[in-house]
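Protein sequences appear in the order of chains A and B.
For the first sequence, our numbering begins at 1 and goes up steadily by one.
For the second sequence, our numbering begins at 1 and goes up steadily by one.
There could be a bad hint or two in this list.
Listed below are several chain A residues computed to face chain B (Cβ distance under 8 Å; list not exhaustive) [unchecked claim]:
1. 69
2. 70
3. 71
4. 144
5. 148
6. 155
7. 177
8. 199
9. 202
10. 204
11. 206
Not close to chain A: a few residues of chain B, all C-beta gaps over 12 Å, as computed [said to hold, decoys possible]:
12. 11
13. 51
14. 156
15. 185
16. 198
17. 265
18. 294
19. 358
20. 402
21. 415
22. 416
23. 426
24. 431
25. 447
26. 464
27. 465
Hints in this document: simulated from the structure, not taken from any laboratory.
Think of the CB as a built atom: it goes at the ideal place given N, C-alpha and C, for glycine as much as any other residue.
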Amino acid sequence: MITPPLSTMIFLPLLAGLVVLVLPLGRESARAVGLAVAVLMAAFSINLFALFDPISGGFAFYESYPLVPALGIGYRLGVDGLSLLLLVAAGALFPVVYLLFSTKSRGYYGCLLIVQGTMIGAICAADLVLFYFFYELMLLPIFFMIGLYGGPNRVGATLKITIYTIAGSLLMLASCVYLGVVYQAQSGVWSFAVADLATLRLSGTVATIALLGFVLAFAVKIPLFPLHTWLPDAYTEAPPAATFVLSAIMAKIGAYGVLRFVLPIFPEPLGKISLLLAFLAVVGMAYCGIAALGQRDMKRLLAFCSASHMGIIGVGLFCLNVQAITGVLYQMVAHATSVGLLFLLAGLIEERTSSRDIESFGGLGGQAPLFSVFFMVALLGSVGLPGTASFIGEFLIIVGAVKFNLVIGILAGTSMIIAVTYMLWLFGRVFFGPRTKTATTMRDLTPIESLTVLPLIVLIVVMGLFPGPFIDKIEPAADTLSAQVSRSSAAAGAILAQRGDGDG
Amino acid sequence: MADLLALLPLIVTTAAAIVVMLVAGFSLFGREVMALLTTGLFMFCFFVQAATLVSMPFFPYQQTFGSMLAVSPFSGVAGLIILACGGFSALASQTYFGHNKGYVPEFYAMLLFAACGMLLLTMAAELITLFIALEIMSLAVYVLVGADRERLLRAEAVLKYLMLGAFSGGFFVMGAMFVYGGLGTTSFAGISRVLAESGLFTSPLATAGFLLILICFLFKIAAVPFHAWVVDVYDGAPLPVTGFMATAVKTAVFCALVNLLLTDGSLLSVWRDILWYLCVVTLFTGNLIALGQTNIKRMLAASGIVHSGYLLIAIISADVTGASRTVIGFYLAAYALATLGIFSALSTLSGNDEKRISFADFNGLAKVHPYSAAMITVFLLSMAGIPPTAGFMAKFYIITAAFSAGQLVLGVLGLISTILSIYYYVRLIAAMYFTTPEDDFAITGLALAPAGTAVLAVAVFGFSLYPLGW
Numbered sequence: 001m002i003t004p005p006l007s008t009m010i011f012l013p014l015l016a017g018l019v020v021l022v023l024p025l026g027r028e029s030a031r032a033v034g035l036a037v038a039v040l041m042a043a044f045s046i047n048l049f050a051l052f053d054p055i056s057g058g059f060a061f062y063e064s065y066p067l068v069p070a071l072g073i074g075y076r077l078g079v080d081g082l083s084l085l086l087l088v089a090a091g092a093l094f095p096v097v098y099l100l101f102s103t104k105s106r107g108y109y110g111c112l113l114i115v116q117g118t119m120i121g122a123i124c125a126a127d128l129v130l131f132y133f134f135y136e137l138m139l140l141p142i143f144f145m146i147g148l149y150g151g152p153n154r155v156g157a158t159l160k161i162t163i164y165t166i167a168g169s170l171l172m173l174a175s176c177v178y179l180g181v182v183y184q185a186q187s188g189v190w191s192f193a194v195a196d197l198a199t200l201r202l203s204g205t206v207a208t209i210a211l212l213g214f215v216l217a218f219a220v221k222i223p224l225f226p227l228h229t230w231l232p233d234a235y236t237e238a239p240p241a242a243t244f245v246l247s248a249i250m251a252k253i254g255a256y257g258v259l260r261f262v263l264p265i266f267p268e269p270l271g272k273i274s275l276l277l278a279f280l281a282v283v284g285m286a287y288c289g290i291a292a293l294g295q296r297d298m299k300r301l302l303a304f305c306s307a308s309h310m311g312i313i314g315v316g317l318f319c320l321n322v323q324a325i326t327g328v329l330y331q332m333v334a335h336a337t338s339v340g341l342l343f344l345l346a347g348l349i350e351e352r353t354s355s356r357d358i359e360s361f362g363g364l365g366g367q368a369p370l371f372s373v374f375f376m377v378a379l380l381g382s383v384g385l386p387g388t389a390s391f392i393g394e395f396l397i398i399v400g401a402v403k404f405n406l407v408i409g410i411l412a413g414t415s416m417i418i419a420v421t422y423m424l425w426l427f428g429r430v431f432f433g434p435r436t437k438t439a440t441t442m443r444d445l446t447p448i449e450s451l452t453v454l455p456l457i458v459l460i461v462v463m464g465l466f467p468g469p470f471i472d473k474i475e476p477a478a479d480t481l482s483a484q485v486s487r488s489s490a491a492a493g494a495i496l497a498q499r500g501d502g503d504g
Numbered sequence: 001m002a003d004l005l006a007l008l009p010l011i012v013t014t015a016a017a018i019v020v021m022l023v024a025g026f027s028l029f030g031r032e033v034m035a036l037l038t039t040g041l042f043m044f045c046f047f048v049q050a051a052t053l054v055s056m057p058f059f060p061y062q063q064t065f066g067s068m069l070a071v072s073p074f075s076g077v078a079g080l081i082i083l084a085c086g087g088f089s090a091l092a093s094q095t096y097f098g099h100n101k102g103y104v105p106e107f108y109a110m111l112l113f114a115a116c117g118m119l120l121l122t123m124a125a126e127l128i129t130l131f132i133a134l135e136i137m138s139l140a141v142y143v144l145v146g147a148d149r150e151r152l153l154r155a156e157a158v159l160k161y162l163m164l165g166a167f168s169g170g171f172f173v174m175g176a177m178f179v180y181g182g183l184g185t186t187s188f189a190g191i192s193r194v195l196a197e198s199g200l201f202t203s204p205l206a207t208a209g210f211l212l213i214l215i216c217f218l219f220k221i222a223a224v225p226f227h228a229w230v231v232d233v234y235d236g237a238p239l240p241v242t243g244f245m246a247t248a249v250k251t252a253v254f255c256a257l258v259n260l261l262l263t264d265g266s267l268l269s270v271w272r273d274i275l276w277y278l279c280v281v282t283l284f285t286g287n288l289i290a291l292g293q294t295n296i297k298r299m300l301a302a303s304g305i306v307h308s309g310y311l312l313i314a315i316i317s318a319d320v321t322g323a324s325r326t327v328i329g330f331y332l333a334a335y336a337l338a339t340l341g342i343f344s345a346l347s348t349l350s351g352n353d354e355k356r357i358s359f360a361d362f363n364g365l366a367k368v369h370p371y372s373a374a375m376i377t378v379f380l381l382s383m384a385g386i387p388p389t390a391g392f393m394a395k396f397y398i399i400t401a402a403f404s405a406g407q408l409v410l411g412v413l414g415l416i417s418t419i420l421s422i423y424y425y426v427r428l429i430a431a432m433y434f435t436t437p438e439d440d441f442a443i444t445g446l447a448l449a450p451a452g453t454a455v456l457a458v459a460v461f462g463f464s465l466y467p468l469g470w
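Can you make the complete structure from the sequences, with help from the hints?
Here it is as structure tokens:
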């Protein structure tokens, strides 16, 4: 194992990305650099997963150097049960992108490397300012990827995602600074370390406003209804790799932020609005699901599908119990693998047939059988068929939701049926039926491409059939977090219990 | 002797200005050499200033010449920023006059004289000295703005600036007179002492005087409602001069304002409420003006109003201890780096007679000059306050200072105004990267400005890591 592991995982892709951007490399060598780094990163993150000890608690692989000692801002990194699976996903999923899309330009691969480094930075950051630093920085490469390499309406989509995200994150900055100032007022010393700030228990009006600052920023990122309106444009116009990054990892960082900062620090004010937030998440699930039903554009359909499935993660976030939190942590990776893979495969269809219009397809199953099988597994994985990873995650979240509030639980469970409808309908229209002219231009996966996709397919199934090893790594952290939430907000807990009974 | 030691940077800068004046008078050197000479002299003065600053703990010369001047670490840092601004502006001027008319050798002497006035301004601890310094600076800047008499735009700008500037100077003198009449002293320390003893409103004369002085300062920093001149004057001035005005003048005036207000804080406590409202209006008016611009110079001028608003946040939430001065110094430095950078890049890219100056003129720049476009992007991101640039840390410190002082609403309003500002900064980035080039962006002649731009781009990142003492 390389030391320090986390810094390496952040700065290896970051520096490689800068090198690719600055040096006049050719397209192929840029891709080779990217692929090499991505494979190394995958190895590092799998190794990290194996070495991680869930029992010890607190941050593992901790690194800390002072940055601005006078304000207690430090370069602090660490991994715990909350961030482990997301970190592994962000580290290990990228080789597929480099292998499947070989015809992009140098800047494309450079941005992809940088976005990986910054996302891992945000996931590992154990300092609030450092987290904010990476959180805002990770938008930049995406900004350039969509703007430079996106579809015909890319500039509008770019401005939309940029303004939305920056507006959210600047309001979050206010909340971040507020936390630091409150910590200083309570303890007499400045610190922005997550471990220190997590000891804060805030309540009152100002705390509720500060909570909203965080929730808004993360709700834009996830995205939660009604702040999702940037998503269809951005996901559709973005090149496949950027869509993959946005849906598979970046959206999860929003959810991770809620778990990391909102739940432990604001249990009492969150208790007051958690029902509303969970309800909005359910509305988002149903709304985006119904919107997906009406789409003609395959990528746009998947965009709404992704948003709809992020809705269930949103429900889990605000149920505030251990089942839901474990489910969210599990579902983050499950969603990343299955929906991320779907976006990549849809990107391949678009690259090879120059079409995304669902109507123009039919009979793709006969034309590209191997591709169809993979697409089918990813699709079933995303709707949560038993035996796939999403089933475990979604099941846990629904259990948590029912415990939290029966109505929310029932609504969430019902909304998931919409997903099955539009996904199977999509599959039927595109892969079955008579072979259309557009479909005949589709080329099946080469053996190398199949081998590239295979690990993800295997992961979807393995995580669905044998969740034990994964759950073992995350459950202690989920336990601690939910205990923190319920213990420190006994009053809020009582209110919640009342509400739950009343609705039940 | 200690008095003179404290003044050493000022003396050296004045000597440099006179040398350049003489050299210009005898036409000893050509255009290129003059620029290099001035840059070199600015660098030398910078190092003298830095040496003075470093040796400050060892010499007890905080008050000099009977408390007319006060030297503090804050004034030292402001001096460093001013001299660095001068150096980079001279570099940019070298390139700028390569493809623009209006060069006179005295231009560089005026640059140095303006810096003299600014250094004096940072040290002034008394109203009359402050006025003298203000006028030395302003006169030199008037000349710089209007050096090219051939162009109508310049003439308009200098007329506007001169008339309004003279008015604000008049306000200041009147105000200083009233204050002296009311309080019987002109020194900052004396004013604070009297105010602490008897309160401001015991003397109507002094109250009126402070109001007039406040108006002069608000005019100089382009705060609303005294901001109307700034867009036209910045637009009319030659690019390097605009950069110099936006950075060095603002640094010097803010330093003087902080010295006046924070001597012991009693004056600030009187002004805080007025400044609070002016600050909020400044932030949003500046943004609204900037949103509508199609000319980059005018957009930067309007965004300068917003940055003044930001600095006002820091002043409003200031206490008498050192932290607020540090925050203001950091913000001024971060703002100066980015603004100088973008003006030096524009000095190179704008071409003959500043022909490329609107957003649309920079369409597709990234495809032709990728490095220039990347550097401009860095500067814009720093102005917008996106990490990992110095501008982000500067905003962060200001918001932290505001929240610490209990100014929660002001801090949040500041951040909301930043959200608005993202639009016009990102618009230029989008124009440079996401459109196809229509221009070949040909650049002629030996160019030093790109070197300066590159140094500044690195500095924007490097400076963000500078660990601030709180």
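Status of each hint after checking the structure:
1. 69: holds (6 Å)
2. 70: Holds, because the Cβ-Cβ distance from residue 70 (chain A) to chain B comes to roughly 4 Å (cut-off 8 Å).
3. 71: holds (6 Å)
4. 144: Because about 7 Å separates residue 144 (chain A) from the closest Cβ in chain B, which is inside the 8 Å limit, the hint holds.
5. 148: With a minimum Cβ separation of about 6 Å from chain B (threshold 8 Å), the hint on residue 148 (chain A) holds.
6. 155: Nearest chain B Cβ about 5 Å off; hint holds.
7. 177: holds (5 Å)
8. 199: Violated - the Cβ of residue 199 (chain A) stays beyond 8 Å from chain B, reaching only about 19 Å at its closest.
9. 202: violated (14 Å)
10. 204: violated (12 Å)
11. 206: holds (7 Å)
12. 11: It holds; residue 11 (chain B) is separated from chain A by about 34 Å at its closest Cβ, greater than 12 Å.
13. 51: holds (25 Å)
14. 156: At about 34 Å from chain A, residue 156 (chain B) clears the 12 Å cut-off, so the statement holds.
15. 185: holds (36 Å)
16. 198: The claim holds: residue 198 (chain B) sits with its nearest Cβ about 34 Å from chain A, beyond 12 Å.
17. 265: At roughly 20 Å from the nearest Cβ of chain A, residue 265 (chain B) sits farther out than 12 Å, so the non-interface label holds.
18. 294: Holds: least Cβ distance 17 Å, greater than 12 Å.
19. 358: holds (18 Å)
20. 402: violated (8 Å)
21. 415: It is violated; residue 415 (chain B) is separated from chain A by about 5 Å at its closest Cβ, not greater than 12 Å.
22. 416: violated (8 Å)
23. 426: Non-interface label fails for residue 426 (chain B): nearest chain A Cβ at 6 Å, not farther than 12 Å.
24. 431: For residue 431 (chain B), whose nearest Cβ neighbour in chain A is about 10 Å away, the distance does not exceed 12 Å, so it is violated.
25. 447: holds (21 Å)
26. 464: violated (9 Å)
27. 465: violated (7 Å)
When each numbered hint is compared with the structure, violations occur for hints 8, 9, 10, 20, 21, 22, 23, 24, 26, 27.
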